[in-house]
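Participant: Spelled out, the chains give:
There are 2 protein chains.
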Amino acid sequence: MKSTIMEIAPEAIEAESFRIIAEELGPTEFDPRTFKVVQRVIHATGDFSFAESLVFYPQAIDAGIAAIRAGRNILTDVNMGAAGVSKGLLAAWGGSVICKVADPEVDRIAKESGLTRSEVAIEMGLTENIGIVSVGNAPTALLKVMECWDALAPELRPGLVVGVPVGFVNAAESKELLSEKTYPFITCLGRKGGTPVAVAIVNALIRLAKEV
Amino acid sequence: MKSTIMEIAPEAIEAESFRIIAEELGPTEFDPRTFKVVQRVIHATGDFSFAESLVFYPQAIDAGIAAIRAGRNILTDVNMGAAGVSKGLLAAWGGSVICKVADPEVDRIAKESGLTRSEVAIEMGLTENIGIVSVGNAPTALLKVMECWDALAPELRPGLVVGVPVGFVNAAESKELLSEKTYPFITCLGRKGGTPVAVAIVNALIRLAKEV
Numbered sequence: 001m002k003s004t005i006m007e008i009a010p011e012a013i014e015a016e017s018f019r020i021i022a023e024e025l026g027p028t029e030f031d032p033r034t035f036k037v038v039q040r041v042i043h044a045t046g047d048f049s050f051a052e053s054l055v056f057y058p059q060a061i062d063a064g065i066a067a068i069r070a071g072r073n074i075l076t077d078v079n080m081g082a083a084g085v086s087k088g089l090l091a092a093w094g095g096s097v098i099c100k101v102a103d104p105e106v107d108r109i110a111k112e113s114g115l116t117r118s119e120v121a122i123e124m125g126l127t128e129n130i131g132i133v134s135v136g137n138a139p140t141a142l143l144k145v146m147e148c149w150d151a152l153a154p155e156l157r158p159g160l161v162v163g164v165p166v167g168f169v170n171a172a173e174s175k176e177l178l179s180e181k182t183y184p185f186i187t188c189l190g191r192k193g194g195t196p197v198a199v200a201i202v203n204a205l206i207r208l209a210k211e212v
Numbered sequence: 213m214k215s216t217i218m219e220i221a222p223e224a225i226e227a228e229s230f231r232i233i234a235e236e237l238g239p240t241e242f243d244p245r246t247f248k249v250v251q252r253v254i255h256a257t258g259d260f261s262f263a264e265s266l267v268f269y270p271q272a273i274d275a276g277i278a279a280i281r282a283g284r285n286i287l288t289d290v291n292m293g294a295a296g297v298s299k300g301l302l303a304a305w306g307g308s309v310i311c312k313v314a315d316p317e318v319d320r321i322a323k324e325s326g327l328t329r330s331e332v333a334i335e336m337g338l339t340e341n342i343g344i345v346s347v348g349n350a351p352t353a354l355l356k357v358m359e360c361w362d363a364l365a366p367e368l369r370p371g372l373v374v375g376v377p378v379g380f381v382n383a384a385e386s387k388e389l390l391s392e393k394t395y396p397f398i399t400c401l402g403r404k405g406g407t408p409v410a411v412a413i414v415n416a417l418i419r420l421a422k423e424v
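Just so you know, the protein sequences line up as chains A and B, in that order.
Residue numbering for the first sequence follows this note's numbering, beginning at 1 and increasing consecutively.
Residue numbering for the second sequence follows this note's numbering, beginning at 213 and increasing consecutively.
Any given hint could turn out to be false.
Unchecked claim - Dumping the calculated DSS-like pairs for lysine-lysine here, alpha-carbon to alpha-carbon at most 25 Å: (1) A/K192 - B/K248; (2) B/K299 - B/K422; (3) A/K210 - A/K111; (4) A/K36 - A/K87; (5) B/K393 - B/K248; (6) A/K87 - B/K393; (7) A/K87 - B/K248; (8) A/K36 - A/K210; (9) A/K181 - A/K192; (10) A/K111 - B/K323; (11) B/K248 - B/K422; (12) A/K192 - A/K36.
If you're looking for bench data, these hints aren't it; they were derived computationally from the structure.
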């Protein structure tokens, strides 16, 4: 056996992980709050390349925090993306996590319309006081968010779009489109991404919302 | 705008992704069934490095398929890992997905014992006719699986351990330990891994179980 398991208390594991990430990243140009988001994404993926690929709209973090503090809801594209969110911390502000992809009505509409269930679920969910949309899986869902944005009344628009779908068909392309928008977004360029990345970004924002 | 969104029917997206992955990987030494597992992991992560880091015990795929066909259950370390599994296809064989990490009893025992909730949840869950243990998040859970393995009566042992935790504290180390075991496992060496990797492996096996 070459490796040695580190003896460490459960509550110390995250802090030690974050320390290692900060140490290995070295000095960066991220402001302290953006750094915390980047750090949590690397923590969730074991992949330092996200320090290069993540793109933040200038007011993205303020917008995400404001949406959480206002008690608005978080809409996810897939159930895995909902399962990972720190719901207790979010609920303290009044918000909850919504994912409609397993809704039978969504399935019916998707089959009738030839759309993916993810995009139907996003369109239906966007009417429910959404503060943050979090798309980690389906490029079609992210494309639908951007399409709906323009059609939504300003007061119904989400405060922040977290769009980090993963994959080989339209993932990189949909994220590049998002990166050109003039409303608050957080994305990562290229094929990588995924639900853990989306969850890490949202959970970092939920923690930042607690800070003064 | 530099990118162009590909027009593609929802049901064709996965096949097109798999085609791109096979094309870019080029010829490999994987047997056809192992290739399908590797391909689904790359599909879930956008990360070709898993073609290098995944390690399969020689009978791992047979063991996983046999466990699914026998109607045994799948135990996951976190709720996200349970949420992503193709439960309908699994249920056709009689099995279901179990995750005890949000169980209040698990929380109580973890606090009293100084263990992580993940490891307590694994130990409790392993008594419930588990065919596959799927650990994508918590190294402590994977260490607990390996510890329990020796203590379990042979008929209670899972058929396959999928151990792919991600991270900076004991993730790589726990996977290296798993890779030295003489019972069926699938793992990936290094820091990368995560719940989508675990889910992709399990879902690939569930699909292989349907093939003759």
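Participant: Taking the hints in turn, state whether each one holds.
Facilitator: Against the structure, the hints:
1. At roughly 19 Å between alpha-carbon atoms, A/K192 and B/K248 fall within 25 Å of each other, so this suggested pair holds.
2. In summary, the hint linking B/K299 to B/K422 is supported, as the alpha carbons are separated by about 14 Å, within the 25 Å threshold.
3. Taking the CA atoms of A/K210 and A/K111, the gap is near 42 Å; set against the 25 Å cutoff, the hint is violated.
4. With a CA separation close to 19 Å, the supplied pair A/K36 and A/K87 stays within the 25 Å bound.
5. Note on B/K393 and B/K248: the hinted pairing holds, with a Cα-Cα distance of about 23 Å set against a maximum of 25 Å.
6. With a C-alpha separation of about 37 Å, the suggested pair A/K87 and B/K393 falls outside the 25 Å cut-off, and the hint is violated.
7. Distance check on the hinted pair: A/K87 and B/K248 sit about 35 Å apart at the alpha-carbon level, beyond 25 Å; violated.
8. Among the hinted pairs, A/K36 with A/K210 is consistent with the structure: their alpha-carbon atoms are about 13 Å apart, no more than 25 Å.
9. For a cut-off of 25 Å, the pair hint linking A/K181 to A/K192 stands: about 20 Å separates their Cα positions.
10. About 47 Å separates the Cα atoms of A/K111 and B/K323, which puts this hinted pair outside 25 Å; it is violated.
11. With a C-alpha separation of about 13 Å, the suggested pairing of B/K248 with B/K422 holds against the 25 Å cut-off.
12. With a C-alpha separation of about 20 Å, the suggested pairing of A/K192 with A/K36 holds against the 25 Å cut-off.
Violation of the numbered hints given earlier is confined to hints 3, 6, 7 and 10; the remaining hints are satisfied by the structure.
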